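In the order they appear, the protein sequences are chains A and B.
Under our numbering, the first residue of the first sequence carries the number 1, and numbering increases by one thereafter.
Under our numbering, the first residue of the second sequence carries the number 154, and numbering increases by one thereafter.
Worth flagging that the hints you see were computed from the coordinates, not collected in a lab.
Just so it is clear, the structure is predicted and the values come from calculations on it, not from any experiment.
Note that CB positions come from ideal geometry on N, CA and C, so glycine has one too.
One should not assume that every hint holds.
Result set (BS3-like, lysine-lysine): computed pairs, CA atoms no more than 30 Å apart in a straight line [claimed, not checked]:
(1) A:Lys47 to B:Lys166
(2) A:Lys72 to B:Lys239
(3) B:Lys178 to A:Lys47
(4) B:Lys239 to B:Lys178
(5) A:Lys72 to B:Lys166
(6) A:Lys37 to B:Lys178
(7) A:Lys72 to A:Lys37
(8) A:Lys37 to B:Lys239
What the simulated footprint calls covered on chain A by chain B, stretch by stretch (three residues with Cβ under 8 Å from a Cβ of chain B suffice, anywhere in the stretch; the number is not a length) [as the list claims (entries may be wrong)]:
(9) 19-25
(10) 48-59
(11) 78-88
(12) 126-140
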Amino acid sequence: MRSTQEPPFMPSAQLGFLPIAGIAPDGSGPADFIVAKDEILGDFREKRNRSKQLDGLLVPAILAAPSWVDFKSPGKDDSLVYCGLPGSRYLQDLSIEIPCPPGKVFGVYVRGRRAAAGQWVVDSWEWIEADPQRPDFPLAYQTRLGSQLWSRE
Amino acid sequence: MESGVSEYFDFLKEGLAQTGPFVAKPFYRPESDTLYFYGRDVPSYARRLNPLLTVFLANDDESLVGFKIEDVQRIVAQMERLGMEKFLIDGRRNGIQLTIFLDLALIAPPADGQPELARIEEAVRQFDNVIVDRRELQLN
Numbered sequence: 001m002r003s004t005q006e007p008p009f010m011p012s013a014q015l016g017f018l019p020i021a022g023i024a025p026d027g028s029g030p031a032d033f034i035v036a037k038d039e040i041l042g043d044f045r046e047k048r049n050r051s052k053q054l055d056g057l058l059v060p061a062i063l064a065a066p067s068w069v070d071f072k073s074p075g076k077d078d079s080l081v082y083c084g085l086p087g088s089r090y091l092q093d094l095s096i097e098i099p100c101p102p103g104k105v106f107g108v109y110v111r112g113r114r115a116a117a118g119q120w121v122v123d124s125w126e127w128i129e130a131d132p133q134r135p136d137f138p139l140a141y142q143t144r145l146g147s148q149l150w151s152r153e
Numbered sequence: 154m155e156s157g158v159s160e161y162f163d164f165l166k167e168g169l170a171q172t173g174p175f176v177a178k179p180f181y182r183p184e185s186d187t188l189y190f191y192g193r194d195v196p197s198y199a200r201r202l203n204p205l206l207t208v209f210l211a212n213d214d215e216s217l218v219g220f221k222i223e224d225v226q227r228i229v230a231q232m233e234r235l236g237m238e239k240f241l242i243d244g245r246r247n248g249i250q251l252t253i254f255l256d257l258a259l260i261a262p263p264a265d266g267q268p269e270l271a272r273i274e275e276a277v278r279q280f281d282n283v284i285v286d287r288r289e290l291q292l293n
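Full structure from sequences and hints, please.
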């Protein structure tokens, strides 16, 4: 559904990047994300990695409504992982939607952009094993990563 | 499509419309100091073996699809201390066998015992002929 509100400033003019609207790591409000066109998306395109491109379609939904946000690993305080459970995923092309893989949660890795405070760069995305007790949280979320920044609770 | 992401979706759709054979080639991301490799194009998920190494396993049968190695520059620095010439492929001045990075990353203790470690260690041998061009690691 298209939003009727004015979209937040998106840095679409930045050469080589594509904008994605999401929420700030602490859940306090909107935040800008960008993805490198050539280095990330173009690379998957050149290698004909359809699985990664299809999973890439899930990235905006997770950045906009994560279930959980954390540091990627202790000591890396400018690298975060946004996690969430999309409603479905794509198979082969956009015409076939299938359920998400059982026992997995989708993670999007981002890092703070030094040149623009408050802006985040998407580095990668992948399905990761989910916690059996919390299917929308990653496995061992209490101990494996850093300190939880925000969760949808 | 959602507001603020139409360019992103359009770019992905364009890519998905292209056809051609899958290319299994490692790629390095200097920003995150991570070396990625996908050996096949199948839906997969990530399993973290240790702080350096995460493997990608097929959703269907948990076979090895690829992996990512973090802190690559630390591994490269160790190679240089040991003598980089030992790691270069004969006749390829800049070629390093991908699985050397893997074997070095596997030295770190497994995150939680990892009972399947032996299976994965054996499976990575299928990628022994994959070469990393060290110029792509920004070593020069």
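Hint by hint, here is what the structure shows:
no., hint, result
1, A:Lys47 to B:Lys166, "holds (15 Å)"
2, A:Lys72 to B:Lys239, "violated (33 Å)"
3, B:Lys178 to A:Lys47, "holds (8 Å)"
4, B:Lys239 to B:Lys178, "holds (22 Å)"
5, A:Lys72 to B:Lys166, "holds (29 Å)"
6, A:Lys37 to B:Lys178, "holds (18 Å)"
7, A:Lys72 to A:Lys37, "holds (23 Å)"
8, A:Lys37 to B:Lys239, "violated (36 Å)"
9, 19-25, "holds (count 3)"
10, 48-59, "holds (count 11)"
11, 78-88, "violated (count 1)"
12, 126-140, "holds (count 5)"
Going down the numbered hints, you'll see the structure goes against 2, 8, 11, while the others check out.
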